[in-house]
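Asks: Listed here are the chains, written in short residue letters.
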Amino acid sequence: MAALDIACPFCGLVCDDLALADGRVDARGCAKSAAGFARTPSVAEHRVAGRPATLDAAAAAAATLLRGARLPLISGLAADVAGLRALIALADRLGGVIDRWGSAAQLANLSLLQREGGMTATFGEIANRADAIVLIGSDPAVAQPRFFERLVRPRHALYRPGAPHIAFIGRESAAPADPAVSERILVEGDRLLDAVSTLAALANGQKVRPEIATAALRGLADRLAAAHYGAIAWDIAAFAPPLRDAATSILLHLLRRLTRKTRCVGWPIGGENNAQGASQTMLWQAGWPGRISFAEGTPQHDPWLYDAERLLMAGEVDALLWASALSATPPPPTSVPTVALLAADAPPTSAAVEIRVGIPGIDHAGTVMRADTVVALPLRAARPSALPSIAAAAAAILAHLAVAA
Amino acid sequence: MITTLVGGSVFDPANGLAGETRDLVIADEQMAAATPGAKADRRYDLSGLVVMPGAIDIHSHIAGGKVNLARLMMSEEHRESVTARGAATRSGSGVASPSSFITGYRYAELGYTAAFEPAMVPSNARGAHLEMADVPMIDKGAYLMLGNDELLLRFIAGGAEQERINDYVAWMLNATAALGVKTVNPGGISAFKFNARDLAIDAAGPRHGVTPRQVLHALSRAVFELGVPHPLHVHCNQLGVPGNIETTLATIAASEGFPLHLTHAQFHSYGREGDRRFSSAAALLAEAVNRNQHVTLDVGQILFGQTVTASGDTMAQYRNRTFAKPDKWMIMDIECDGGCGLVPFRYRDQNFVNALQWAIGLELFLLIEDPWRVFLTTDHPNGAPFTGYPHLIRLLMDRSFRNDCLKAIHPAAQQATVLGSINREYTLAEIAITTRAAPARILGLTGRGQLGPGAAADIAVYQPAADRERMFAAPRHVFKNGVEIVRDGAILATPAGATHVVRPAFDPAIEGEIRRFFDDHMSVRLEHFRLSENELADAGLRLMAEACRPRSRA
Numbered sequence: 001m002a003a004l005d006i007a008c009p010f011c012g013l014v015c016d017d018l019a020l021a022d023g024r025v026d027a028r029g030c031a032k033s034a035a036g037f038a039r040t041p042s043v044a045e046h047r048v049a050g051r052p053a054t055l056d057a058a059a060a061a062a063a064t065l066l067r068g069a070r071l072p073l074i075s076g077l078a079a080d081v082a083g084l085r086a087l088i089a090l091a092d093r094l095g096g097v098i099d100r101w102g103s104a105a106q107l108a109n110l111s112l113l114q115r116e117g118g119m120t121a122t123f124g125e126i127a128n129r130a131d132a133i134v135l136i137g138s139d140p141a142v143a144q145p146r147f148f149e150r151l152v153r154p155r156h157a158l159y160r161p162g163a164p165h166i167a168f169i170g171r172e173s174a175a176p177a178d179p180a181v182s183e184r185i186l187v188e189g190d191r192l193l194d195a196v197s198t199l200a201a202l203a204n205g206q207k208v209r210p211e212i213a214t215a216a217l218r219g220l221a222d223r224l225a226a227a228h229y230g231a232i233a234w235d236i237a238a239f240a241p242p243l244r245d246a247a248t249s250i251l252l253h254l255l256r257r258l259t260r261k262t263r264c265v266g267w268p269i270g271g272e273n274n275a276q277g278a279s280q281t282m283l284w285q286a287g288w289p290g291r292i293s294f295a296e297g298t299p300q301h302d303p304w305l306y307d308a309e310r311l312l313m314a315g316e317v318d319a320l321l322w323a324s325a326l327s328a329t330p331p332p333p334t335s336v337p338t339v340a341l342l343a344a345d346a347p348p349t350s351a352a353v354e355i356r357v358g359i360p361g362i363d364h365a366g367t368v369m370r371a372d373t374v375v376a377l378p379l380r381a382a383r384p385s386a387l388p389s390i391a392a393a394a395a396a397i398l399a400h401l402a403v404a405a
Numbered sequence: 001m002i003t004t005l006v007g008g009s010v011f012d013p014a015n016g017l018a019g020e021t022r023d024l025v026i027a028d029e030q031m032a033a034a035t036p037g038a039k040a041d042r043r044y045d046l047s048g049l050v051v052m053p054g055a056i057d058i059h060s061h062i063a064g065g066k067v068n069l070a071r072l073m074m075s076e077e078h079r080e081s082v083t084a085r086g087a088a089t090r091s092g093s094g095v096a097s098p099s100s101f102i103t104g105y106r107y108a109e110l111g112y113t114a115a116f117e118p119a120m121v122p123s124n125a126r127g128a129h130l131e132m133a134d135v136p137m138i139d140k141g142a143y144l145m146l147g148n149d150e151l152l153l154r155f156i157a158g159g160a161e162q163e164r165i166n167d168y169v170a171w172m173l174n175a176t177a178a179l180g181v182k183t184v185n186p187g188g189i190s191a192f193k194f195n196a197r198d199l200a201i202d203a204a205g206p207r208h209g210v211t212p213r214q215v216l217h218a219l220s221r222a223v224f225e226l227g228v229p230h231p232l233h234v235h236c237n238q239l240g241v242p243g244n245i246e247t248t249l250a251t252i253a254a255s256e257g258f259p260l261h262l263t264h265a266q267f268h269s270y271g272r273e274g275d276r277r278f279s280s281a282a283a284l285l286a287e288a289v290n291r292n293q294h295v296t297l298d299v300g301q302i303l304f305g306q307t308v309t310a311s312g313d314t315m316a317q318y319r320n321r322t323f324a325k326p327d328k329w330m331i332m333d334i335e336c337d338g339g340c341g342l343v344p345f346r347y348r349d350q351n352f353v354n355a356l357q358w359a360i361g362l363e364l365f366l367l368i369e370d371p372w373r374v375f376l377t378t379d380h381p382n383g384a385p386f387t388g389y390p391h392l393i394r395l396l397m398d399r400s401f402r403n404d405c406l407k408a409i410h411p412a413a414q415q416a417t418v419l420g421s422i423n424r425e426y427t428l429a430e431i432a433i434t435t436r437a438a439p440a441r442i443l444g445l446t447g448r449g450q451l452g453p454g455a456a457a458d459i460a461v462y463q464p465a466a467d468r469e470r471m472f473a474a475p476r477h478v479f480k481n482g483v484e485i486v487r488d489g490a491i492l493a494t495p496a497g498a499t500h501v502v503r504p505a506f507d508p509a510i511e512g513e514i515r516r517f518f519d520d521h522m523s524v525r526l527e528h529f530r531l532s533e534n535e536l537a538d539a540g541l542r543l544m545a546e547a548c549r550p551r552s553r554a
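Quick mapping for you: the protein sequence lines, in order, are chains A and B.
Position 200 of the first sequence, counted from 1, bears residue number 200 in my numbering, the numbering being contiguous throughout.
Position 305 of the second sequence, counted from 1, bears residue number 305 in my numbering, the numbering being contiguous throughout.
These aren't lab readings, by the way, just hints derived from the structure by calculation.
Incorrect hints may have been included.
Stated by the list, open to error - Taking CB as the label site, the calculated pair distances span: (1) B:Gly420 <-> A:Asp302: 41 to 51 Å; (2) B:Gly489 <-> A:Asp302: 28 to 38 Å; (3) B:Gly540 <-> A:Asp5: 17 to 27 Å; (4) B:Arg516 <-> A:Arg24: 20 to 30 Å.
To be verified - Here are some of the chain B residues that sit facing chain A, going by a computed Cβ distance under 8 Å: (5) Ser75; (6) Gly94; (7) Phe101; (8) Glu335; (9) Asp467; (10) Glu469; (11) His521; (12) Met522.
Said to hold, decoys possible - Covered stretches of chain A, going by a simulated chain B footprint (3 or more residues, C-beta under 8 Å): (13) 89-97; (14) 109-116; (15) 368-382.
Where is the CB? At the ideal position from N, CA and C, for every residue including glycine.
From just these sequences and the hints, can you work out the full model?
Replies: Written as C-alpha cells, this is what we have:
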C-alpha cells in the first residue's frame, strides 16, 4: 500500500509529491530522498555515561550537565520547526549560544540581505514565470536533485509560452549536466567573481575591457534585459569565503539594476535539512537568523563571535547540546562535555548523555520550511515510532531545569 | 474561581456604560452577572480607577514571512533594543519589528488583549500561524490576502458566477484558518509581476484583463454573501500616491453598497493641490465615510521616528524604495498568489510630506463623526510601532497637546492642514469605542471588546491621569481570560490567547477545480496547502470559530 503526497525534508526544495511503498521512495523521488527515507534506526537506547537510561533519566542528566556550564553551545539544529522552537527556548533558558552547524554559507547570504535587502521570488513563481534563468557557481541539482524538474520545466507553466533560456556561469567541472541548460559560460574557479562582476557591469551599461568571456556575458546581459522575468540562482559556496560578501552584493546590485526596466529576481541555493526553518524560527523568536548568544540574558548576534565551529575549536564553551535528526551527523569530536540528541541511525558517540530521537517525516509528523522561506510544509510520520522528537526531548530537559530552578 | 472587581468606573460601550461605577464579576475565564452577596475568591478594589475591556488592534503586522524579513533587515534596532528574559518571560529584541514573544508582552503591557495580522498570503498561512503560536498573552487571527491570486483573477476573467467565487473564497478561508479577507492593491500585485508599475481602478490588468473594480466587487460581495462578519478589508490601489483620494472614493463606489473596510486610510487620503502637489484630502474621505454607513476604516496614523514598512503591496513598495532609510529594501513575488515588500522608513516632522501625513491621519480621526466606524491603528509597523498608541491617544484626547505638537512640524505642513481649527477631543468613552467595542463588532467577535455576562474576561484597568499618554502606557491591571497577566507594568503570567477563525460553508464541488489548478501549476500539493486542525493544535494554537450567517441582498 503506497502512501501518496509525502513531503521530503532533506533538501531545500521540500518536494511534496513523493509516494512511499514499504517505506521506499518511488520513481518520483531522487537519490537524496531515497537515502533519507531508507534511513533505519540502529540504536534506540538513550544512554547516560555509556549506560542505558530512560528518557526521563537522560533528560535529568542532560539538565544537570547543561545547568552547570558557564557557556553552553546549542548546535546541530537539523530539526523540524517544533524542535527548533524548543531548542531556542532551551538556549534562552540556559543563557547559551545557539547556532546551526555549517551555517557559514547561509549566513553570508543573510548578512547581505540584512544590509542591502533584495529582489526575490518563491519557487512557484519562478517555475511558472521565469523565461531566462542564470545559474551561478555550481550545478543546483547537486544540492537539489529535482531542481530542473521542479523549477525549470514544470509540466504547465502559467506565464511563459516555451522553455526558458538557461545559462550557467562557473567552472567546467561544476557545470550542470541537465540538457535544459543551453548556455555554459565556463570560467576558472578563481575568476567566478570577475565573471559575475563583468555581467553586472555590462547590464549596467558600463564599458568593459574584453577579458573573461565578455561576448557571451554581454549576450547574457542583453538577454536578461530583454526577458519578461529573469531569475538568477547562485551557490555562494562556489566563491571563496573572503569574496562572498562582494559576490552577493554585486548580484543584488545586478537585480536592482535590471528591475528598473523589467523584472528579475534572485536567490541563493541552499536550505537543506530545514536550514531555512532554523533561520526563520530564530528570527521570529529572537530577532536574529543565527549565531545568537543569550548569555547576557538578551539575544545578541555576532556572526564571528558566536560561530559554533569557532567557539568549539577555541574552547570558549564548556558544554555542547548537539541536536540533529534530519541529518545523522554526530557531534564534532570535542573534549567539551556533550549532550547529544541524535537520530537513531547515527553511530554511537562518546557524548556524556545520548538521547535518541526520531526523524521528522519518518518517525513523527512535523513542519519544515522550503528554501524560499515562504512555504512551510507538513511532514507525516511515514513509519511512526516511539522515539521522542527533538521537541519532546528538549522539553523534557527544560522541565528538569525548571524543577531545579 | 470567582473574582470581583469592585468600584471601578466602567467604560463598556457595547453595554451602554460610559464611566458609571459598577462592580464586575469574573467566573473562571468569563464575565458573569453580578449577584449581590456572592462570595468572591479574589477581590480587587478599583475605586477611582478606569475599567475597560481589553483593547483590540484590528490591523497590525505581527507575523508571517514579511515580518520576519523586516526583522532580518532591521538589524540596527535588534541590536539596540533588547529585552532580557524574566522568570515568566522569554528574551527578545526589536521595536518596529519585535520578536514574537516581545510582540505579545508589549501589547499586553498596554492593555491590549487581541491583535490581528492583516496580510496573510495564502501560501504563507502555515508559517504565519506557526509564528503567531509564539505570540503570547493576546488573541490573534489573520486576514487572508486575495485579489491577486491567479485562480480568482481567472474566475473573474472567465465570467464565473458569483456563487463559484463565493465557494472559492470560503474554501480558501477554511484551508488557511483565516478570520477575514483582505485585498491589497487589487490586481496590482499580480500586475507588478508582469512589470506593470501602476494599475488604476478601471485599468485592465495584464493577462486576464481584470480591473481592480471587478476584484473589489467580486470579493466584497463574496464576503457579504458568505456571512463573514468582517467586511472586505481593503488596501486600495495607489497607496501613497498624491491624488490617490480619487481612487479611494472610487473604491467606495466600487463596493456598490456591500460593506467595506478601508485600511490605513491615511495613506490613501492624498490630494495633489498646492505648490508641492501634495495635499490633505482627509476631509473628502471623512465626508464620504460620514455619508456611507456601510464603510468603516482604520487610520494607519504615522508617528515621527524610525520604523519599517512591511506590505503585501509590492508595486507600492517598489515605488517607495527611493525613500528607504536606512537605504535598503526588499521585494518578493510569492507563489502566483501575492507578494511582499519591505522598506525601512524614518518619518520626520521637518519633512513636509511626513508632517502632512501625520496631520492627515489626525484629521481623519477627528472629522469622521461616528467612533464606531473608525479604528485606532498605526498599521504597525508601517505608520509607527504599536507602542506609540498611548501617545496617539493623547493626541486625540488633548487638543492643547495636539496643537503644541502641530506647532513643531514643518511650517508649510501646518499651513496645509485644518488640524489646528478642529476642537474635537476624544472622550474616554470614545476611546473605549474605537479601541475596544467597535473593532470587536466589526470583526464579529461577540465575546470580546465588551464586559457583559459570557464575554471573555479580557480587561484593562487604568489609573486616570490628565496626561493620557502616561495613563494608557501603564495599566494598573490587565486580565486575560480572567487571569491577571500584568500588574503595574510587571508581567505576571503569559497564557496563550485564542486564534479567531471563520468557517464559512461552501459547495465541496469547488475543491475539484482548485485541485486541478494545484495539480497543474502550483509548487505544493493541495493537501499540503490546506492546514489541518491537528497541526495547528500541535503547534499550540487554540482555534475559536466565529459564526458566519450567509446573507443575500434584497
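Asks: At least three residues with a C-beta closer than 8 Å to a C-beta of chain B: is that true for the region 368-382 of chain A?
Replies: holds (count 7)
Asks: Under the criterion of a CB-CB separation shorter than 8 Å, is B:Gly94 in contact with chain A as hinted?
Replies: This hint holds: B:Gly94 lies near chain A, its Cβ roughly 5 Å from the closest one there, short of 8 Å.
Asks: Holds or violated: the hint that B:Asp467 contacts chain A, with Cβ atoms closer than 8 Å.
Replies: Because about 30 Å separates B:Asp467 from the closest Cβ in chain A, which is outside the 8 Å limit, the hint is violated.
Asks: Let me know if the C-beta of B:Phe101 comes in closer than 8 Å to any C-beta of chain A, holds or violated.
Replies: 7 Å, holds
Asks: Does B:Met522 pass the interface check with chain A, least Cβ-Cβ distance below 8 Å?
Replies: 6 Å, holds
Asks: Regarding the hint that B:Ser75 lies at the interface with chain A, is the smallest CB-CB distance below 8 Å?
Replies: 5 Å, holds
Asks: Cut-off 8 Å, C-beta pairs, minimum 3 residues; does the coverage of the region 109-116 of chain A by chain B stand?
Replies: holds (count 5)
Asks: How about B:Glu335: closest beta carbon in chain A under 8 Å, or not?
Replies: Interface hint status for B:Glu335: holds (4 Å vs cutoff 8 Å).
Asks: Is it true that B:Gly540 and A:Asp5 lie within 17 to 27 Å of each other by Cβ?
Replies: 25 Å, holds
Asks: Should the interface hint for B:Glu469 be scored as holding, given a Cβ-Cβ cut-off of 8 Å against chain A?
Replies: Check failed: Cβ of B:Glu469 comes no nearer than 27 Å to chain A, outside 8 Å.
Asks: So does B:Gly420 sit 41 to 51 Å from A:Asp302, Cβ to Cβ?
Replies: The hinted range 41 to 51 Å holds for B:Gly420 and A:Asp302, with Cβ atoms some 49 Å apart.
Asks: Verify the interface restraint on B:His521: the C-beta must sit less than 8 Å from at least one C-beta of chain A.
Replies: OK, holds: B:His521 within 8 Å of chain A, min 5 Å.
Figure legend: structure checked against the earlier numbered hints; hints not met, in rising order: 9, 10.
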